[in-house]
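Residue numbers (full-length UniProt numbering): 1 to 352.
If you're looking for bench data, these hints aren't it; they were derived computationally from the structure.
Among the hints, a few may not be true.
What the hints assert, rightly or not - Below, in silico cross-link-like pairs of lysine-lysine (DSSO-like), each with a Cα-Cα straight-line distance of 27 Å or less:
#: 1; residue 1: Lys-132; residue 2: Lys-87
#: 2; residue 1: Lys-87; residue 2: Lys-130
#: 3; residue 1: Lys-196; residue 2: Lys-132
#: 4; residue 1: Lys-87; residue 2: Lys-196
#: 5; residue 1: Lys-196; residue 2: Lys-130
Stated by the list, open to error - Derived CB-CB ranges, DEER-like:
#: 6; residue 1: Val-78; residue 2: Leu-277; range: 40 to 48 Å
#: 7; residue 1: Arg-79; residue 2: Leu-254; range: 32 to 40 Å
#: 8; residue 1: Arg-129; residue 2: Glu-21; range: 32 to 40 Å
#: 9; residue 1: Glu-148; residue 2: Pro-107; range: 47 to 55 Å
#: 10; residue 1: Asp-261; residue 2: Glu-116; range: 44 to 52 Å
#: 11; residue 1: Asp-293; residue 2: Gln-320; range: 25 to 33 Å
#: 12; residue 1: Glu-318; residue 2: Glu-116; range: 17 to 25 Å
#: 13; residue 1: Glu-251; residue 2: Val-163; range: 22 to 30 Å
#: 14; residue 1: Ala-154; residue 2: Ser-252; range: 31 to 39 Å
#: 15; residue 1: Arg-334; residue 2: Val-299; range: 25 to 33 Å
By construction, the Cβ of each residue, glycine as well, lies at the ideal position given by its N, Cα and C atoms.
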Amino acid sequence: MSDPASSSVSWPPNWHYVAGEPAAAGDYRRSPEDFQVEEVLDFVPEGHGEHWWLWLEKRGMTTPDLARLLARAVDIPVRDVGFSGLKDRDAVTRQWFSLALPGREPPPGWEAGLVERGVTCLQAVRHPRKLKRGVHRANRFRLIIGGETIALPATRERWDRLVQLGVPNYFGPQRFGPEGRNLHRARQLLVRGWRKRQDPHGLLLSTARSYLFNSVLSARVADGTWCVPQPGDVLNLEGTASRFAATEIDESLLARAEAGDLHPTGPLWGRGRLESLGEVAERETRIVARCPDLAEGLVQAGANHERRPLRLRLRDPEWQSAGDTVRLSFSLPRGAFATSVLRELFRHPTLV
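Working from the sequences, and respecting the hints, build out all of it.
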């Protein structure tokens, strides 16, 4: 494996595409209804308990903003509001929230403030426990795309290839903020020395790790090894948190990777042992070392080394032509970005 040209912390990035940069431009998210996201849990609330679980639909609002609105509506501290994942602001999203209301019901008229902000309560049910972060299994996306890309057979060919091969698991542009501002803020903070009070939710730490991960993934997309196991890779079993280091790659592992049963992983940088081995580990270290402010800052901040799959599989993918638009639907595991799928299909200023 050889590395592309040396890089540094910069924006916009030059992360590689599976089939080269798309030739045609496209549109998406022209209205919130064009970008719909639905959270998928592996369980259902039990119907009793101290926590009141709400299945809510929102538009034009971040998940934390809705959590604060709910806290005010039922007069509880915002720390007693639970949710699993952060959903897009400029979209129609449906997700669960939990409110700690032991022994009491919400006050009369609690929904009024939500309705004024365009939030709809689709279901309310009790459950014994607070909803924890990161417990949802997946997100289901329903998207409408338009523009010149729709008329090109190459766009459908790119989609079919993604369905068959998978999608590079890049962190999406929303992680880095408009024009990469979160990335520049992260670098400045890490150079000074990370302090929790300046990054209470760890957003900037996550931004720095995401940039380094994308850099490693881009190098492997460039030489075609992002979905093909290499000696020394840490391999992730599809749909699970299980992973193992493979010192040798035999035909069985290659066949399982081709079938989408397992995926190479890349580093979420931090302190601790790098799980990959040999040339894979050396290459990851070389690429990350090009951004020493981020890499060393993450270690000093105490972020622990983790791994993330380099590839996504589209679950239940659908393509429906509808005049001058196309309707796409698919499911992705939590932590994956629909914008990483769209950037492989067409050009758009926000899809870096």
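The hints, checked one at a time:
no. : hint                          : in the structure
1   : Lys-132 x Lys-87              : holds, 15 Å
2   : Lys-87 x Lys-130              : holds, 18 Å
3   : Lys-196 x Lys-132             : holds, 21 Å
4   : Lys-87 x Lys-196              : holds, 23 Å
5   : Lys-196 x Lys-130             : holds, 24 Å
6   : Val-78 x Leu-277: 40 to 48 Å  : holds, 44 Å
7   : Arg-79 x Leu-254: 32 to 40 Å  : violated, 48 Å
8   : Arg-129 x Glu-21: 32 to 40 Å  : violated, 46 Å
9   : Glu-148 x Pro-107: 47 to 55 Å : holds, 52 Å
10  : Asp-261 x Glu-116: 44 to 52 Å : holds, 48 Å
11  : Asp-293 x Gln-320: 25 to 33 Å : violated, 46 Å
12  : Glu-318 x Glu-116: 17 to 25 Å : violated, 35 Å
13  : Glu-251 x Val-163: 22 to 30 Å : holds, 24 Å
14  : Ala-154 x Ser-252: 31 to 39 Å : holds, 35 Å
15  : Arg-334 x Val-299: 25 to 33 Å : holds, 26 Å
The structure fails to meet hints 7, 8, 11 and 12 from the earlier list, while all remaining hints are met.
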